[in-house]
Structure formats: C-alpha cells, structure tokens
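S.K.: Here the protein sequences line up with chains A and B, keeping their order.
My numbering applies: residue 1 is where the first sequence begins, and numbers increase by one.
My numbering applies: residue 1 is where the second sequence begins, and numbers increase by one.
Read the hints as simulated data drawn from the structure, not as lab findings.
All the given hints hold, so there is nothing to weed out.
Covered stretches of chain A (chain B as the covering partner; in silico rule of three or more C-beta atoms under 8 Å from a C-beta of chain B):
#1 139–151
#2 161–170
#3 184–191
#4 218–230
Ideal placement from N, C-alpha and C gives every residue a C-beta, glycine not left out.
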Amino acid sequence: MATINPSSPSNIELPLGLMADTPWLKGVTEKTKLNLIVPANYEALIQNTFNESEVLGIQRLLTLAKIGVEIKVFWDENMLRVVRRSASIFPMLAVLLQLNKVTHLTSTGANALLDITASLRALRKNILRHRLQRDFFADSDILLCADDSGEPLPDDLYDQSTQQLRNRDDFETLVVDALAAQLGDSVSRADIYKRANALGVIVAELFENTDMHGKYDFTGRPISSANLRGLIFKRIKAELLVLKRKPSEPKTRSVDCFEVSVFDSGVGYFSSYMREALSEKIKLAEEWQVLHNCLGRHYHPELIDHRAGHRALGLYEVLRALQTLKGRIEIRTGRLFAYRTFFDGEIQAQMETRAEFSHFAWPKPKLLDVEKKYLAQPSEHEVLIGSSIRIIIPLW
Amino acid sequence: MKALALTTRFIEHNLQGNACLLVYDVAQLSGAAIGEDVRDILDRQPNTLRFYVLAPFLNHALVKEALLQGSALKRAGITKDSTPVEISSITIHKEGSQVLIKCNKFFLESDRAVQSTSYDLPPEILEGWLFHLFDMNSGLVNAPIGVHFGKLSSKHSSKFLRTSSVLLSSEACGAIAFFSLAALTAIEPRRIFVDTAPLLSVAFAMQRITQINKIWEQMPPAKSFSSYGGVSNLPTLSKSDVLLISASTSGGLAKRLVDDFHVDEGLLLTLYLLKSSDDMKTHGRVLCDLTGHPKRLFGYSVIDNHAPSECELCKKGYVLAQLEGDQFLLEKRAVKRLRMGAASQIGTARADLEGLTRTNSIATRLYRTHDSKTNIEINLNEALSVNGFLCEKFSYLLRRHAPSAVAYVIAVGMSTAEANSYCQQAGLYQGKYKSIKFVSDDELDQLKAKPNVNALVLIGALCDHARLRGVNVQLRSLVDGGCVTYISALTIADSARNYEDLRIFLSYGEHGAETFAFRSALTVMLPWLDMKQQTSWQQELALWERLQNSATLPKEFENRLRWLKKTSSATLRLFLEGYSGELSISPDFVLLNTKKKIKSISQSDVYAVVCNALAAERSNRTAFDPKPIREKPTPVWTQTVYNQTLLCPSNFRDFNDAILRAALLRSANIQELNYTIDEISSEEMLFVIEADIRTWKQGRGDALPEFLLSMACQRLRLMPLHTEQLQRAISTSTLPSYLKLLAKTISK
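All chains should be built: construct the whole structure from the sequences, respecting the hints.
M.R.: If you want it as structure tokens, here you go:
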C-alpha cells in the first residue's frame with residue numbers, strides 16, 4: 001500500500017476516524033480532498049465500539065458526500081478481499097461503497113495503486129439486494145436503501161411488488177430473529193418476544209420516519225444525489241455499573257447489548273418539519289424545540305406544525321419503551337446531538353415525580369444533550385445532513 | 001359414546017388387533033364414562049386389544065383419577081399379566097428442547113387399579129388413528145364423473161384432500177393439535193400461520209393444550225393466509241413462526257414456504273399428505289401420511305396430479321372445478337367495465353371545473369406524500385381574489401351563515417391574515433375586529449374555553465377531513481353552547497357519501513342536525529390516493545432509474561428523468577411527449593369547453609378533470625346533491641372477491657384524444673388497468689395500442705409513449721399472448737428506437 005500519513009487531516013483512518021470527534025468537519029467544503037484509509041485491522045477496530053457510534057460515522061460520511069468532497073478510499077488488499085465476500089456485515093464500508101464520485105484504490109505491490117472503482121459495481125448491487133442474516137452470525141448487519149439507484153428496495157423492509165414499506169409486524173419479526181439468534185435458549189422465548197415487541201415498534205417507527213422524510217426534500221422533490229437510508233443491527237458490549245455490588249466485586253460488568261441504528265441522508269428533522277432550510281440564522285434553541293416537536297406532537301405548541309398528516313414518533317412512548325428495556329437512545333440531526341439513557345446505574349435525569357404506590361417514575365418526554373449530560377439544553381455540533389438514531393438495549 | 005373413538009390395526013409380535021383412541025372433551029371426566037365407552041367398543045369390536053385415553057384439554061391428574069377409580073379396567077378385565085388387553089392414558093410434557101408424548105399403562109392389581117410404566121406411542125398407530133379420522137369424515141373428496149379439480153398449486157386431479165371435513169368437533173381438533181405439538185420443534189412460537197381458516201381451530205386447541213400442560217408461557221396469535229393464493233401476502237416470517245398446512249399432494253406449498261420465506265422446517269407441519277408418487281418428498285414435517293404401502297394396514301393409493309397442459313382429464317373433456325383454498329370457486333370473477341364520458345360530470349361538476357381550470361390554479365403533485373389525500377393541488381388565490389369566480393359565492397356564504405358576533409375566527413388551510421381579509425371583503429364584523437381573535441387551527445389548544453361564545457371557521461381548500469374533524473372536536477369544548485359556522489372555499493371529497501359524512505359530523509350537535517352550520521362554496525369530487533400504491537410518476541421515476549442502472553438511457557428518457565428529479569408538482573410536462581411534442585388538448589375534448597381560452601388549459605387541468613370524472617363513475621355517478629341515501633347499497637365499482645372493475649377499453653377507443661388517454665392511464669388505479677383477467681378487454685386494448693403504432697407517423701398515435709410506459713411500469717397489463725403480439729408489432733415497426741427500447745422492458 002502506498003504510504004499515506006494518517007495524522008494529516010486529509011487522511012482519515014476508518015472506522016474510528018469518522019466515529020470519534022470530527023471538529024475538522026466544520027471547515028470542509030466541496031473543494032476539500034479527503035483520503036479514507038481502510039486498514040488491515042478494520043475488523044478489530046470496529047468491534048465493541050460502545051463509546052463511538054458507527055451510525056454517526058456513517059452520517060458524517062454521507063455529509064461529506066453531500067457537500068461534494070472529493071473522496072479517495074485506500075483499501076488494504078486483505079480487508080478488501082474480506083469485504084468483497086460479505087460487505088453488509090461492515091455497515092460503514094457498505095455505505096462507503098454506495099457513494100458516487102468516490103475513487104476506490106488498492107495496492108498492487110511495489111507502491112503501485114490500482115483504481116478498482118469500476119470493479120466494485122457488482123458488489124454495490126449485492127449490498128442493495130442483501131437480506132438480513134436471520135441467524136445473525138456476524139456482529140453487525142446492514143440493510144441499505146439507495147432510492148435513486150434503480151435497484152429495488154430491500155426485501156426485508158419493502159414489499160417487492162408495491163415497493164411500499166412493510167408493516168410493523170414484519171419489523172418486529174426481524175428483531176425477533178436477531179434477538180433469538182443472539183440469546184439462544186438463555187432466556188425464555190416469551191421474554192424475547194416481549195422485548196422484540198417493544199423494540200420492534202420503535203424500529204418500525206424510526207424507519208417509517210426515514211421513508212416519509214428521507215426520500216423527498218421539503219418541497220416534495222426526490223433527493224437524488226447520495227441519498228441513502230439504512231437499518232443496522234449490531235452486537236456490542238457495554239460496561240455497565242453493577243447495582244448492589246459486594247465490596248469484593250468490580251464496579252462495572254461487561255454486558256452484551258443489541259444495537260439498532262437507523263439513518264437517512266434527507267433534509268433532517270428541522271427542514272422536514274419547518275419546510276425551510278436549516279441555516280445559521282436559526283437559533284439552536286428553536287432547532288431543539290423542533291426536534292422535540294417532531295418526536296412528540298405539540299411538545300412546543302407555539303410552533304405551527306405544517307404537516308397535516310404528521311405522525312410523530314411519540315417520544316414519550318419511545319422513552320417508556322426504552323425504560324422497560326433499560327436501554328439508551330442517541331439522536332443526531334442538524335447541529336444537535338441528543339440522548340436519553342435508562343441503563344442500570346446511570347443517573348436518571350428529567351423524570352416525572354414518582355406516583356404514590358408506583359414502583360418507578362416515568363420519564364418526561366425530553367431529550368438530554370450529549371455534552372451537557374443531564375441538561376435538556378442543546379450544545380452546538382457540526383451540521384450533519386439527515387438524521388441518525390442509535391438505540392442500545394442490554395440483553396440481560 | 002362420550003368419546004371420539006379412532007381405531008387402527010396393529011401388529012405386535014404375534015399379536016394382531018385393534019388399537020382404539022378415546023378422545024374426550026368434557027368438563028368432568030368420570031371413570032364411569034370411560035368404562036361405558038370401553039364396554040361399547042368391546043361390544044362392537046371385540047378384537048380391540050389396546051385402549052388409549054386422551055383428554056387433551058384436561059390436566060392428566062384428572063384422567064389418571066378417572067382411570068384409577070372408574071370401571072374401565074374392570075370392564076376390560078385388565079390384570080397385570082393375564083390379559084392381552086391394555087388401557088393407557090396419553091400425556092404430553094416438555095423435556096428440555098423436546099415435547100414428548102408418553103403412554104401410561106394402567107392395570108388391576110388385587111382389584112385395585114395401578115399405574116404402570118410409561119412408554120412411547122408407536123408412530124404407526126398414531127398415523128392409523130389420524131387416517132381413520134380423515135377417512136371417516138370423507139376428507140378425500142372424489143370428483144364425480146365428468147368433473148375434475150383445478151388446485152391452487154395449478155395441478156389438475158380427480159381427487160383432493162379437504163382437512164376441514166375432519167375438524168368437526170373439539171375432540172378432533174384437540175387430538176390433531178395434541179399430536180401436532182409433538183411433531184414440531186419444541187420452541188415457543190411467536191405466531192401460528194395456517195393455510196386455511198378451519199385450521200385456526202387447531203391453533204386454538206394448541207393454545208389450550210400448551211397452557212394446561214405448561215408448555216408455552218404465552219398464547220401466540222394465529223392467522224390464516226389462504227393457501228397458495230395468499231402466500232404473496234404473508235408477512236415476513238420468522239424462524240420462530242409455526243406454519244400449519246392442512247393437506248398436500250405435491251409438497252409445493254411447503255417448498256415455497258421454505259425456499260422463499262425461509263421457514264424453519266422444524267416448525268412447518270403438513271397435517272395430511274397423500275403422495276403423488278411413491279418417492280415424493282415434502283419439506284418440513286408431516287403429521288399423517290395417508291399413502292398406503294405394502295407394509296401398512298391402512299392408506300390410500302397415490303394420487304394422480306396432472307400439469308394443466310398435459311391433463312388427461314381435460315383431454316377427456318371433463319369440466320374443471322377450480323378450488324380456492326379448500327373450497328370450490330364455482331364462478332369466475334365477474335368483470336365490470338368502467339365507462340367515462342361527458343355524463344360522468346355530475347351535478348355542477350362541469351361548471352365548477354370550467355371555473356377552476358385555465359387559471360393555472362391546478363397543479364399535480366408527482367410524488368405521494370404521507371400527508372396528502374389527493375395529488376391534485378388547487379391554489380385558490382385567484383379564485384378568491386376580488387374578481388375571482390369563487391369570490392362572490394364565498395362572500396355570500398360568509399354573509400348568509402356566519403354568526404353575527406364571534407369571539408374567534410379559526411383559519412384552516414389559509415393564514416389568519418387571509419381569513420381577516422375575507423371577512424372584511426364580505427363586510428362582516430365592521431368595527432369589531434379588535435375583539436375578535438384570529439387563530440390558526442394549530443393554535444386552538446392555546447385558547448381558553450369560553451362557554452356560549454360564537455366561532456367562525458374559515459377553510460381554504462379542504463382535503464384532509466380529519467383535520468377539520470379535529471377542529472370540530474376541540475371547538476365543542478372551547479365554545480361550549482356557542483354557535484359555530486364552518487365556511488369552506490373548496491371541499492374535496494372522493495364520493496358524495498364521504499362528503500355527507502363530513503357534513504353530518506360537523507353540523508350535528510346537542511340540538512340535532514344543523515346545530516352547527518357547514519357550507520362550502522365549491523365542492524369537487526376527486527379520488528383519494530391509494531396509500532399502498534406509488535403514483536404513476538413515482539413508478540416512472542423508478543423505471544428510468546432502473547433502466548439507467550442497467551444501460552445507457554436514451555436522451556429522451558434522460559431528459560425526462562432529470563425533470564422528474566427536480567420537480568415536485570407541475571402543471572405541464574406531466575405526460576410523455578408524442579410524435580408532435582407535448583400533449584395538449586384538442587378542440588373536440590369532451591370534458592371541457594374548448595371554445596373558451598383553449599390554450600390556457602394545462603395538462604394538470606385535464607388530469608384533474610379526468611380524475612373527477614373517474615371518481616364520479618367509481619361512486620356510481622352519485623352527485624353531492626341530492627343527498628346520498630344511506631339505505632342504498634354501496635356501489636361496487638371497486639375490486640371485490642366477486643368482481644373486478646376494469647377501465648373499459650371503449651374509453652380509449654372512443655376518445656382518441658391523446659391527452660385524455662394519457663390522463664386516464666395516469667389516474668386509473670392498477671387494478672382498473674389489469675386486463676390480464678379478461679381476454680376480450682385485453683384484446684380490445686391491444687387493438688387500440690396497435691392502431692397508435694400504425695398511425696404514429698401521421699401524428700395520430702401520440703398516446704403511444706404513455707401506453708408503453710404504463711405497461712413498462714406494470715400499471716397497464718395485457719394477457720401474455722397480447723403483450724407478445726404487441727412487442728412483435730413494435731419490433732417490426734418503424735417506431736423510433738427509444739420507444740422500441742421501452743417496449744422491450746415490458747415484462748409478460
């Protein structure tokens with residue numbers, strides 16, 4: 001492989017280069033040239049990345065593509081061979097392969113580079129035709145919709161005869177199979193179905209949102225260039241605090257978690273809701289309010305809802321479902337990065353007062369800011385297109 | 001007999017006799033009842049050497065108690081070693097990852113009944129009982145001479161298996177469910193799917209049995225998917241779903257479920273199988289193989305299935321009785337032909353549309369959005385302007401019906417400033433504006449409730465009736481006891497019935513009808529979009545993208561693709577160009593007056609007019625006024641099990657106006673263009689399109705690109721034979737290459 005300096009801002013090593021903080025993204029323009037490096041140890045780097053979100057990395061990648069950055073990808077030849085066999089188990093790379101105007105290069109030895117972009121055409125098609133591995137043999141799996149590619153939308157998400165989104169029950173089925181494959185006989189089937197029911201509703205809602213708001217711009221025109229939407233299932237490990245631990249026990253325990261991520265490269269929550277572009281003039285507080293209104297209708301009644309048939313995600317419902325699953329949600333859209341956690345041992349901010357005779361308090365329908373931790377006030381991040389939502393639930 | 005008695009022959013070493021299964025579904029199982037049934041069986045069939053007692057819906061302890069304390073053992077004279085007769089109860093339980101069925105032998109020891117060891121039930125005995133159950137209920141249906149059956153697997157045969165004939169009692173359902181549980185992989189299923197509705201009773205029985213025996217923690221829901229015909233409507237199946245197939249002779253359905261839906265074979269169970277050849281195999285598991293073979297004491301001979309093209313019975317001239325699930329479909333679905341013309345413009349539709357068109361107010365939204373009922377957008381700015389054609393009527397309605405004093409004016413589908421200006425234009429509330437609060441319907445929840453004050457609701461173009469219903473519900477508590485008047489500039493409804501429902505909802509209150517007033521200056525009938533289908537432009541976009549993905553797109557289509565990508569709604573360029581360019585209205589157009597400003601009539605105007613005519617025809621030409629009569633049956637110009645509505649080919653034949661044809665192709669729904677079900681209509685459509693091919697160069701076939709596009713998008717569908725004929729005609733014609741390419745993409 002040719003020598004590339006990974007410390008240079010123009011050289012980004014995947015996957016962590018896009019998953020960790022990217023303050024440089026603010027300065028990127030269509031004249032920027034970026035080299036993305038897919039290293040030989042990519043598989044090891046992507047495993048168990050609880051603190052870094054892969055879907056956020058994907059959203060950054062899509063933002064770069066939308067800006068029109070000239071991207072060159074330098075593939076380690078061994079890693080390329082692995083990806084060619086099964087690209088869909090590497091979500092970020094699967095997305096990278098779908099981007100137009102990206103040059104893919106690999107080493108042919110003796111420091112010579114070979115342009116392999118044209119040869120990846122069949123692989124790109126395979127990614128779009130992929131179906132989720134029902135036995136969930138790999139640690140991650142992605143379904144990708146490229147709306148303007150001319151390829152049919154994934155069979156697992158869309159009815160092939162009508163190209164309409166499948167019903168909610170089908171989403172629950174995908175979750176059931178993934179959870180059943182993950183948990184095996186360690187928990188009762190009834191318990192799996194109960195969790196899948198709660199999680200399936202959330203997944204269906206989230207993906208339906210991408211179908212409604214990720215395909216067309218706020219004037220109703222199809223979003224054409226680099227328009228990708230996707231659903232990712234991942235198996236990760238998280239370090240959670242041990243509750244009621246004995247002094248001899250460690251403070252944390254490693255817990256297997258199931259991660260579901262949904263992303264789109266549409267106009268984002270703000271533009272979809274307000275039917276205007278997100279500009280610097282828009283106050284952060286207003287964007288924050290709009291996000292809450294998108295998630296729960298009339299959270300801020302002073303904002304006029306332009307969307308008559310608007311079907312909000314129902315933040316309250318999602319948070320309650322997550323509370324029962326003891327999970328965590330992260331939402332990244334525009335300049336906002338919000339989250340809410342119900343992990344064991346983590347401080348539960350923004351809760352209602354516990355009612356008498358009730359075992360626990362319900363959450364207020366508010367999101368918290370990732371940087372400010374326990375505050376429901378936004379901090380500004382670099383503008384990203386579309387939206388990404390990451391949900392993590394511990395498996396026991 | 002209290003029990004359902006099933007009997008089969010068995011051979012055990014030198015012993016040969018009958019094995020009888022007694023199945024009970026009773027609230028109280030008494031030993032006396034079992035005793036009497038054993039006596040009756042022995043009277044009728046003295047060679048019965050084995051009795052098995054099964055009460056699938058009772059706890060086994062009750063069965064045991066009935067046997068220990070009852071007279072059955074005594075009547076059969078069963079002692080430990082002295083008699084070949086045996087009585088056993090049958091139990092089910094979960095052991096690790098298996099559901100096991102065990103037989104528990106009982107005998108008399110010093111006149112006391114005792115339970116002995118348990119043992120496995122021989123599978124041949126089980127299949128013998130299930131065969132008896134099937135046979136005694138005539139599950140195998142033989143066609144009378146001169147008739148044969150067409151099955152959903154497309155095979156023809158003189159016999160078919162009807163499992164529903166077997167499921168006539170809860171005992172029968174219980175027995176089948178009981179043994180089915182042991183045949184399946186022992187995981188708790190998430191859902192149960194059955195191929196025909198009668199099997200739902202088996203699913204219910206499974207739920208009862210597993211609850212009583214603590215095998216499943218929850219009761220999974222059960223759904224029927226209607227055999228082959230419904231397979232395509234199955235949801236995504238999970239590896240945790242149980243699938244029950246009632247009967248099979250070819251294994252085709254099981255194969256499809258495994259191959260296409262990746263069903264777990266351990267959870268796929270065919271209840272009854274009758275092989276079509278000795279070496280036939282089927283996917284999944286089989287509860288009872290009905291096929292006889294030399295080593296068996298029961299069974300039917302293999303069934304003869306014929307492919308339709310090689311069917312011996314068809315060659316003999318035997319009538320084909322088509323099956324739907326396990327029922328006969330005696331009649332082919334009738335075809336209703338939807339005709340459209342000037343008479344379709346009912347009531348004041350013609351005059352209303354004459355007013356709206358030519359003003360550039362009607363645009364067509366190309367892509368379906370989740371919040372729109374129709375893809376026709378009507379901008380009322382011009383119509384409501386001072387000299388606009390709606391201005392006078394809207395102002396009159398305001399003056400005539402608005403309450404004399406109001407506290408609130410609610411603007412729906414218009415700004416509060418516009419609402420204010422319309423009130424002033426109508427001369428309402430002079431000098432009182434400071435005391436009136438103008439709000440939009442989104443702000444209603446911020447208003448304080450004021451009993452006995454009046455409100456005026458002003459509506460622009462109303463399409464989302466639910467939105468106005470929401471306003472109505474909020475106002476009933478906000479201005480409790482006050483007068484509320486709803487004045488709409490334009491109300492769109494897909495039928496008179498729909499409009500009347502809205503009117504009644506809005507106006508009915510504590511003082512009966514007309515408690516509140518609802519008036520509309522203009523009411524237009526337009527069809528609602530089918531939320532399960534893409535619009536024709538969405539399908540067109542997908543087609544060009546697909547073609548571009550596989551080959552270079554001709555420049556005609558590339559331009560079109562570019563336009564579609566950058567357009568959300570349009571008044572022009574809605575249709576593909578013809579030989580002479582953009583499709584435009586011709587002087588003999590039937591649905592609008594072409595003597596008046598013909599050049600101002602846009603393509604979107606024509607599309608809206610055609611949509612209106614189609615909506616009227618679909619609702620049996622019932623106009624908004626007079627009121628529809630509720631007692632009248634709902635018009636059936638929709639798709640039902642008994643008939644299919646097709647857009648009559650005469651619409652295309654009689655109206656040779658290319659723009660009208662194009663608008664019809666775009667506004668009809670897919671089922672209305674599915675001519676594959678009717679040979680005559682399909683042929684008529686073929687002739688219409690062929691005529692366009694022949695006259696293309698004379699400029700008289702300008703709708704041809706739209707016909708071909710509609711077929712390429714699988715909206716317009718002809719019978720395969722006619723599609724082939726059409727493609728041949730195009731390939732040998734002198735049509736331009738881009739149209740030939742389009743024709744090639746049509747799938748048969």
